[in-house]
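S.K.: As a plain string of letters, each chain reads:
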Amino acid sequence: MADQTASPVSESPGAFYPQDFNIQKMTLLTDAGQTFDLKNMMYEFCYFEDIYNFAVSGYVMIKDAIGIIENFRLNGNEFIEISFSKAKGADDYNTQTYRVYKAGNRKPSGNLMSEKFTLYFCSEEMVLSEQVRISKSYPGKEIYKIVNDVLVNKLKVPEKRVNIEPTKGVYDFIVPRMKPFETISWLSTYARPASQSIGADMLFFENKNGFNFRSLTSMMSGPVYATYKYEQKNVSSPDKADDFNNKIKTVLNYQFVKVYDALNEISSGTYANKLISMDPLTRNYKITNFDYSVFQNKLGGTNTNGILSPAVNRLGFTQNQAYDSVIKVAFGNADEKRDPYVAVAEAGVGHDIYIETYVPFRTAQISLANYTVIKMTIPGDPNLLAGSVITFNLYSLNNVSSGRELDKFHSGNYLVTSVRHVIQDTGVYQCIVEIAKGSSPTGYGSGPSEMTATTDLLSGP
Amino acid sequence: MNNFLGKDGYVWWVGVVEDIDDPLQLARCRVRIFGWHSENKNDIPTQDLPWAQSSFSPSGSNKWSVPNLGDWVTGFFGDGMSAQFPIMTGVMPGIYREAGSETGSSGNKGFQNPQTPEQKAAGPQMPAGQVRYTNGKPTTPPLARGIVANTAVGVQNSNITHTCDFANDLIKNNQLKKYLMAEAHQIREAIRAIMKALGFTDTSGQFTALTNQLKSFARELRRLQKDIIQPILDFEKAVLGYITTAQKIIQWILSLPAKLLSLLADCLNKLIQGVKNIFTDILSGSSGSGGELLSAAKEVVSAGKNLASSTITAVTGAAVIATAAQATVQQAAAVTKIPQQLASSVSSLGTVATAATIGAMSSGISNIGSSFPSANSAVSSAQSSAQPSSTP
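Quick note, the sequences are listed as chains A and B, same order. According to this note's numbering, the residues represented by the first sequence are 1 to 461, in order. According to this note's numbering, the residues represented by the second sequence are 1 to 392, in order.
Read the hints as simulated data drawn from the structure, not as lab findings. All C-beta atoms in this analysis are idealised placements derived from N, C-alpha and C, irrespective of residue type, glycine included. Worth double-checking, as some hints may not be accurate.
To be clear about the criterion: a stretch of chain A counts as covered by chain B if any three or more of its residues have a C-beta under 8 Å from a C-beta of chain B, and this derived list gives those stretches [to be verified]: (1) 166-174; (2) 318-330; (3) 338-349.
Below, simulated DSBU-like cross-link-like pairs (lysine-lysine); rule was C-alpha separation at most 35 Å, straight line [unchecked claim]: (4) B:Lys7 / A:Lys274; (5) A:Lys141 / B:Lys109; (6) A:Lys298 / B:Lys7; (7) B:Lys7 / A:Lys141; (8) B:Lys7 / A:Lys154; (9) A:Lys179 / A:Lys156; (10) A:Lys337 / A:Lys145; (11) A:Lys116 / A:Lys88; (12) A:Lys156 / B:Lys109; (13) A:Lys179 / B:Lys109.
Assemble the whole structure, with the sequences as input and the hints as a guide.
M.R.: Here is the structure:
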């Protein structure tokens, strides 16, 4: 299993300015075996990882005066080896080899003496995954073992680049001729993390450390990688070292992509949803209601409190009781082995797929994880990973005598859902980070017990 | 995916049945599905295939059957694109192919009939004499293709014991006989009335008075046509209808397999004999009515001729009356054809029976035909006599 621990760059020596970087290697390897150094031709480099994407991807923007595309016969079968860090001499280089799959934006520059173009790259496994399909049975297998088989045996991913979280239950799956990444993504919808008593929030994604099959809950429960803050830019510490450590964790800018969106949460089944599961074999059916308030303390999160308001609408129920907001109907097989008739010929039915668990929970948890979303730009940090947890200290607008207080609801721990490392030849290295949370440092308390008061106010005398 | 049954699209499929031995006896099958499942049994062994539930016609929840090994079936996935819950909806008939060593249950290649001839021979067998599928032949049931041999019906036919059920037909024959006898009597009386009306019962030479009575007599002729001659024609239809039905019965019997036919030979002979007796009685004159009928018909024709000739001579302008008389003659001529048609129809019974080489039936029918020589000659004579009178 790959090591998920990493240190913030503030602890690595050599860097002086927050946006320093050092590209050690940026080499193009052609299908003819030729190599070419792109370091001095690059004017922008971007590397992107996202917990909702199977593989990392990126691009290198090139200013070319020697005709690389023509002379090196680039045709989409090249590789690019990239190694970069915060500072020269650091021991935490982010070194990866990617498949160059496309050249684009090719246009002349400088009186036809040069041209600009962009080389797009992604993981080699992403290309391989598009080239093969899996049609194979996995009787009586745990999902995480199937995922491991797909990655290690089908895609030949080195085991050190595979980080798989164990899952509960055994299943009888036949992978229906899906692509490998598609297969894992499909399996993730059924999977329930073994480390959690409830929930079905497994995700498959790649980051710098390799391929991850992990639950949102376990990622949210992970250690805080670093604490970032947003403050005035014209205040600096007289101590250069302290000043560097301070600035490296200062958010350059941020914006809320979503503060909250109650209508979206209701229609997504975040607070409540309903599953009608039925089994034509035993002729049983079940209705499973998901109630966020029942599970919020068990679901875990980046912060200690849930996001549920106790407000009751004028129909007489709270958000978490609106089960009909999302209804799902599916086949299930939960009681087959318990049926007295089936019991005498148990081999005639498969293992339980636990549809009553995974469908309601996954519906809620995936939506809940993006309850609040912030996009922010921070000084470049090659060790910052998608799937890690950071603390964002957002200051309150309330002034108190002791100084600025933190926002009670939107400060706190966030899950890093995506990281875009951008290095430009102007000497700037920044990370554009998207962070999200589905919990709050402060609960919404008891609040008004009835929303009708507000309704009366709006409706007037 | 919506995870809402019916809203995630109808994902349908075609597959091949590899296992029908459902431990739960719910008519489920293990089906290898084209596209979704590998043909390589190393990747997906037959025993790993999910049990596909059956979905039968709502016309009868108790009327169903299990597809056969190697059958191509269609269906849909109950879980849409996840493809873990196949449900069968139909079977696609095709040409039956026996498995080879590579494609059989011990081979690695799917999408084939998994049962080799050796396995088929070692497995459960059809009842003696029956064959379910034949290599290279359609999988549709032989009976549906009109083939009885080697089917359950064929086997049942081979073992059948027969109880004759022609009694009802013979009873009907007796009823018909009574009807025919009654009709013949009425016809005879009617013909006598015609003779009397025409004055042919009086040969004293009073034809000169006839001319004066022609006008009223024409009306009488029309009444006679309606009330007497038409029933005679209806009688003809009744007799011919009966003969046609008898022909159909005999032809159906003759179309049965030889073994079954032999079982029915006795019954057939009884039927033919019954038919023969009826017509012999009626037409050959054993009761007297048949011969009298023929004789009377001849007289009617002759009288008609005389009537027309006399009319033309006596009243040149009485064209209307002559026409009426002519119609009477034609009707009477039609009556004379009845014995001829009866003779022809009944003779055909003899022809059919002869083709089946049933001696008794053949001779019986021939006897019927031979009963009519006098009728035939009488008809010929009547027709030739009536011909000139049609010219005014």
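S.K.: Taking the numbered hints from earlier one at a time, note which ones the structure violates and give those numbers from smallest to largest.
M.R.: Nothing - there is no hint that the structure violates, so all of them hold.
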